[in-house]
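Please build the complete structure, drawing on both the sequences and the hints.
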Amino acid sequence: MSAAHEPVEETSGPKIVAEHTTSAGKTVRSVQVMRPSAADSTFLAAGAKGFGVTLKHFAKNLFLPLRGKAARAKAGAPGDLSWINEIETVQYPEEKVTYPERFRGLHRLTLRDDGAVRCVACMCCPTVCPAHCITIIPEESDSKGIEKRPAVFEIDELRCVVCGLCVEACPCDAIRMDTGLHAGPVEDRGDAIETKDSMLNRGIKSIAKQGGAGPNWRSEK
Amino acid sequence: MNKLVILLCLILAACSGGGDPASVKAVDCGPNGDKLPALNVGDTGFVRSSVVVHPGDLVKITTGDTAVEGGHNYADKTVKAPALAVTSGIKCFKFETTGEYGVHTATDNATVYVRSSISETIFGILDFPALKWAFLVLVLVMPLASLLTWAERRQSAMMQDRLGPNRANIGPIKLKGILHFVADALKMIFKEDFIPANVHKGLFALAPLIAIAPVLIAFCIIPFGPTVYPHVVTQVMPVTPDQAQLADSIRMQIFSSDFGLIFYFAVLTLANYGGTIAGWASYNKWALLGGLRSSSQMMSYEVSMGLSLVGAFLICGTLEPGAIVANGASETMSAANPLNWLWLWQPVGLVLFFTAAIAETKRAPFDIPEGEPEIIGYFVEYSGMRWGIFFLAEFIEVVFIAAVVTTVFFGGWQVPFLEADGFHFSGLGWAPLPHGIVALLQFAAFGLKVVLLCWFQLMVRWTLPRFRADQLMNLGWKILLPTSLAWIMFTALIKLIFMA
Chain A
17 MSAAHEPVEE
27 TSGPKIVAEH
37 TTSAGKTVRS
47 VQVMRPSAAD
57 STFLAAGAKG
67 FGVTLKHFAK
77 NLFLPLRGKA
87 ARAKAGAPGD
97 LSWINEIETV
107 QYPEEKVTYP
117 ERFRGLHRLT
127 LRDDGAVRCV
137 ACMCCPTVCP
147 AHCITIIPEE
157 SDSKGIEKRP
167 AVFEIDELRC
177 VVCGLCVEAC
187 PCDAIRMDTG
197 LHAGPVEDRG
207 DAIETKDSML
217 NRGIKSIAKQ
227 GGAGPNWRSE
237 K
Chain B
171 MNKLVILLCL
181 ILAACSGGGD
191 PASVKAVDCG
201 PNGDKLPALN
211 VGDTGFVRSS
221 VVVHPGDLVK
231 ITTGDTAVEG
241 GHNYADKTVK
251 APALAVTSGI
261 KCFKFETTGE
271 YGVHTATDNA
281 TVYVRSSISE
291 TIFGILDFPA
301 LKWAFLVLVL
311 VMPLASLLTW
321 AERRQSAMMQ
331 DRLGPNRANI
341 GPIKLKGILH
351 FVADALKMIF
361 KEDFIPANVH
371 KGLFALAPLI
381 AIAPVLIAFC
391 IIPFGPTVYP
401 HVVTQVMPVT
411 PDQAQLADSI
421 RMQIFSSDFG
431 LIFYFAVLTL
441 ANYGGTIAGW
451 ASYNKWALLG
461 GLRSSSQMMS
471 YEVSMGLSLV
481 GAFLICGTLE
491 PGAIVANGAS
501 ETMSAANPLN
511 WLWLWQPVGL
521 VLFFTAAIAE
531 TKRAPFDIPE
541 GEPEIIGYFV
551 EYSGMRWGIF
561 FLAEFIEVVF
571 IAAVVTTVFF
581 GGWQVPFLEA
591 DGFHFSGLGW
601 APLPHGIVAL
611 LQFAAFGLKV
621 VLLCWFQLMV
631 RWTLPRFRAD
641 QLMNLGWKIL
651 LPTSLAWIMF
661 TALIKLIFMA
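Those protein sequences? They're chains A and B, same order as listed.
Residue numbers for the first sequence follow the working numbering, so the first one is 17 and each next one is one higher.
Residue numbers for the second sequence follow the working numbering, so the first one is 171 and each next one is one higher.
Think of the hints as simulated: they come from the structure by calculation, not from any bench.
Just so you know, these numbers come straight off a predicted model, no measurement behind them.
Among these hints, one or two may not hold up.
[Said to hold, decoys possible] Quick list of simulated restraints, FRET-style, between CB atoms: (1) G372(B) to S53(A): 44 to 54 Å; (2) V113(A) to I432(B): 38 to 48 Å; (3) I667(B) to L71(A): 35 to 45 Å; (4) F595(B) to L78(A): 39 to 49 Å; (5) R51(A) to L663(B): 30 to 40 Å; (6) P517(B) to F79(A): 21 to 31 Å; (7) L663(B) to E104(A): 45 to 55 Å; (8) L78(A) to A436(B): 33 to 43 Å; (9) E117(A) to A367(B): 54 to 64 Å; (10) E104(A) to L376(B): 21 to 31 Å.
[As the list claims (entries may be wrong)] Result set (DSSO-like, lysine-lysine): computed pairs, CA atoms no more than 27 Å apart in a straight line: (11) K357(B) to K344(B); (12) K648(B) to K65(A); (13) K346(B) to K85(A); (14) K76(A) to K361(B); (15) K346(B) to K455(B); (16) K76(A) to K65(A); (17) K112(A) to K344(B); (18) K76(A) to K346(B); (19) K346(B) to K72(A); (20) K112(A) to K346(B); (21) K85(A) to K344(B); (22) K42(A) to K31(A); (23) K344(B) to K361(B); (24) K357(B) to K346(B); (25) K72(A) to K160(A); (26) K112(A) to K85(A); (27) K76(A) to K112(A).
Heads up, the beta-carbon is just placed ideally off N, CA and C, and yes, glycines get one too.
Laid out in structure tokens, this is it:
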């Protein structure tokens with residue numbers, strides 16, 4: 017509203033009307049007490065102004081057919097804007113707001129070219145995890161040149177604080193949070209634990225070089 | 171709830187004047203209440219009745235003279251009570267004999283009868299007060315109050331750029347969420363009826379009923395439609411209808427009495443006991459605080475609420491809402507003229523009454539007794555349908571306040587420029603309408619005015635911030651009370667100087 021842009025008188029404490037020193041050496045100040053004006057204390061003028069505001073919103077939202085946020089999201093022609101009301105509600109399951117590109121959603125584990133799990137069970141992510149929600153039990157890998165792989169890889173989504181440190185810590189681009197999904201509702205706490213299989217089901221193949229590019233990546237490039 | 175309804179019906183039957191179908195009320199006659207004097211053609215006189223006479227009531231003047239000439243009994247005559255009977259506010263009206271009935275003289279046992287509007291036909295059953303009350307409550311009040319529970323949430327959402335509840339549905343039928351009130355009712359009925367330890371069980375159970383019953387009873391005084399004459403519904407109402415056309419009239423007001431609106435003040439005040447008793451019986455400090463706040467608020471605002479209507483009483487010369495609607499403010503204008511409704515004659519009274527009445531409903535900005543941010547209020551210990559009854563009583567009060575303001579200030583069931591025989595536009599002509607259509611339009615007008623005023627009350631509730639307790643008392647005692655007293659004096663002066 018326009019009231020926000022009107023200059024507000026800067027005051028620091030009550031306005032001092034008179035000041036004198038008593039015989040005892042004390043300073044006595046008379047201050048002006050702020051009382052509402054007569055117009056405000058009857059509530060009529062301010063009330064009528066308030067009715068104007070609410071009535072404007074009510075009428076606009078009642079009679080204009082296009083719902084604000086949803087309509088503005090797909091409004092191409094500026095001529096359409098006159099039919100858009102101010103309702104900001106997004107009707108969630110049917111309509112969703114688009115998340116930012118770096119939104120951290122449910123975890124997923126990435127795959128190698130041959131479809132095996134990319135994780136090498138280096139234990140970086142459970143080490144860095146501030147919520148201690150990642151459980152990895154390693155086992156020996158049968159792939160050539162790879163020492164370990166996770167036998168169990170579990171993330172308790174109820175404990176996860178969605179900080180993304182596991183993704184930062186991972187040297188193999190094996191764990192990501194770029195699914196764009198929320199942790200869904202569960203009826204049992206155990207159901208909120210993401211297993212290796214469920215995270216692999218969401219997995220994609222990573223083209224990153226296993227083990228990183230190494231210290232000489234500039235010259236190799 | 172069944173016991174409550176039966177109790178209400180009994181009270182209604184007891185307090186309604188015309189409950190007995192066989193009652194024919196004898197009245198005194200003559201200018202001084204003495205025996206009917208000899209009547210001659212063209213005679214005029216006054217009949218003083220022991221019951222209120224309404225426009226259209228059938229008044230039978232019996233002289234006791236049994237002389238029959240040419241097969242006609244000239245002694246008996248039935249006249250239609252003119253509007254004057256209720257305009258003046260006294261139970262007295264003027265009659266005139268006409269030549270049609272010949273010349274006759276009265277004998278010593280002359281009496282005048284005001285025929286009760288209850289007759290022995292099916293229309294008499296329709297005119298039965300309890301039936302009219304059931305119609306009013308079940309067809310107008312309860313659906314409107316239930317819809318208000320949805321409308322309040324939806325309207326507040328619209329005012330705050332939200333959508334509000336719009337999901338309750340039966341299969342594909344959504345109706346913009348109107349079914350939410352059904353879902354709410356089902357939820358409240360099936361919820362656990364929890365009674366905390368240490369409550370006073372009897373009073374705890376009684377309090378919701380005390381809160382809701384007076385509001386439903388108070389609806390008795392509201393004239394929610396015009397008097398319907400079943401025999402002329404398909405015809406245009408003649409200027410001078412005869413006895414047969416006016417027979418079996420159904421008056422759309424359950425309880426009409428001289429003290430009309432005083433009855434409403436008296437009865438609605440009882441509803442406050444519901445909140446106070448609930449607060450005390452709950453054995454909860456917050457609830458008790460809410461009950462006490464409720465009492466103090468009611469006491470403060472009842473005063474100015476009653477006084478704010480005194481101006482209207484002075485202008486109209488009556489306390490009877492039916493008479494206020496039927497006659498309007500001035501006798502020189504038609505009651506169907508919007509300029510003759512009291513909003514124009516009593517603007518200050520309207521603002522004062524509406525303010526005090528909103529305070530009476532205990533809703534924001536006057537929701538100190540409920541005080542959701544701090545004490546939850548007198549019903550903090552209530553759950554399920556017991557709480558639902560408090561909730562419903564609040565919304566029924568909203569409807570009732572809208573009905574009272576409509577009746578007193580906005581012409582009740584009057585449609586602008588619609589007389590009994592059709593639309594009259596001064597200087598432009600007359601569009602005749604059958605009586606049935608006129609009555610339907612007037613019913614619709616009453617409903618529409620009530621709905622609009624309910625809407626306005628929701629606007630008030632969602633626009634104004636709540637008062638602090640001290641601001642509430644300041645407004646009640648230091649602003650509303652002196653203003654209403656001054657307004658009474660001003661109205662009395664105007665009445666004395668210009669309308670005497």
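Taking the hints in turn, this is what the structure says about them:
Between G372(B) and S53(A) the CB atoms are about 52 Å apart, so this pair conforms to the stated range of 44 to 54 Å. In this structure, V113(A) and I432(B) break the distance hint of 38 to 48 Å, their C-beta atoms being roughly 58 Å apart. Roughly 39 Å separates the CB atoms of I667(B) and L71(A), a value that falls within the hinted 35 to 45 Å. Hint check: F595(B) to L78(A), Cβ distance near 32 Å, so the stated range 39 to 49 Å is violated.
A hinted range of 30 to 40 Å holds for the C-beta pair R51(A) and L663(B), which are about 33 Å apart. Between P517(B) and F79(A) the Cβ separation comes to about 29 Å, which falls inside the hinted range of 21 to 31 Å. Remark: the range hint 45 to 55 Å for L663(B) to E104(A) is upheld by a beta-carbon distance near 54 Å. As the Cβ distance of L78(A) to A436(B) is approximately 39 Å, the hint placing it in 33 to 43 Å holds.
For E117(A) and A367(B), the Cβ-Cβ distance of about 57 Å falls inside the hinted range of 54 to 64 Å, so the restraint holds. With their beta carbons about 45 Å apart, E104(A) and L376(B) fall outside the hinted range of 21 to 31 Å. Simply put, K357(B) and K344(B) have alpha-carbon atoms about 18 Å apart, close enough for the 27 Å limit, and the pair holds. As the CA atoms of K648(B) and K65(A) are separated by approximately 23 Å, the hinted pair is consistent with the 27 Å bound.
For the hint linking K346(B) to K85(A), the alpha-carbon distance of about 19 Å falls within 27 Å, and the restraint holds. Between K76(A) and K361(B), the direct Cα distance comes to roughly 38 Å. Violation of the 27 Å bound is thereby established for this hinted pair. A threshold of 27 Å between alpha carbons decides the hint, and for K346(B) with K455(B) the separation of about 40 Å lies outside it, so the pair is violated. Between K76(A) and K65(A) the alpha-carbon distance is near 17 Å, which keeps this suggested pair within the 27 Å criterion.
Between K112(A) and K344(B) the alpha-carbon distance is near 21 Å, which keeps this suggested pair within the 27 Å criterion. For the hint pairing K76(A) with K346(B), the CA-to-CA distance comes to about 17 Å; that is within 27 Å, so the pair holds. The suggested pairing of K346(B) with K72(A) holds, with an alpha-carbon distance near 21 Å, which does not exceed 27 Å. Taken as a hint, the K112(A) and K346(B) pair is honoured in the structure, with Cα atoms around 21 Å apart against an allowance of 27 Å.
Annotation: proposed proximity of K85(A) to K344(B) holds, straight-line Cα distance about 22 Å (limit 27 Å). For a cut-off of 27 Å, the pair hint linking K42(A) to K31(A) stands: about 19 Å separates their Cα positions. A C-alpha spacing of about 24 Å is found between K344(B) and K361(B), which places the hinted pair at or below 27 Å, so the restraint holds. Of the pairs offered as hints, the one joining K357(B) and K346(B) holds, with about 19 Å between alpha carbons and a cut-off of 27 Å not exceeded.
Distance check on the hinted pair: K72(A) and K160(A) sit about 72 Å apart at the alpha-carbon level, beyond 27 Å; violated. A distance of roughly 11 Å separates the Cα atoms of K112(A) and K85(A); the hinted pair therefore holds under the 27 Å criterion. The suggested pairing of K76(A) with K112(A) holds, with an alpha-carbon distance near 24 Å, which does not exceed 27 Å.
Checked against the numbered hints above, the structure breaks hints 2, 4, 10, 14, 15, 25 and satisfies the rest.
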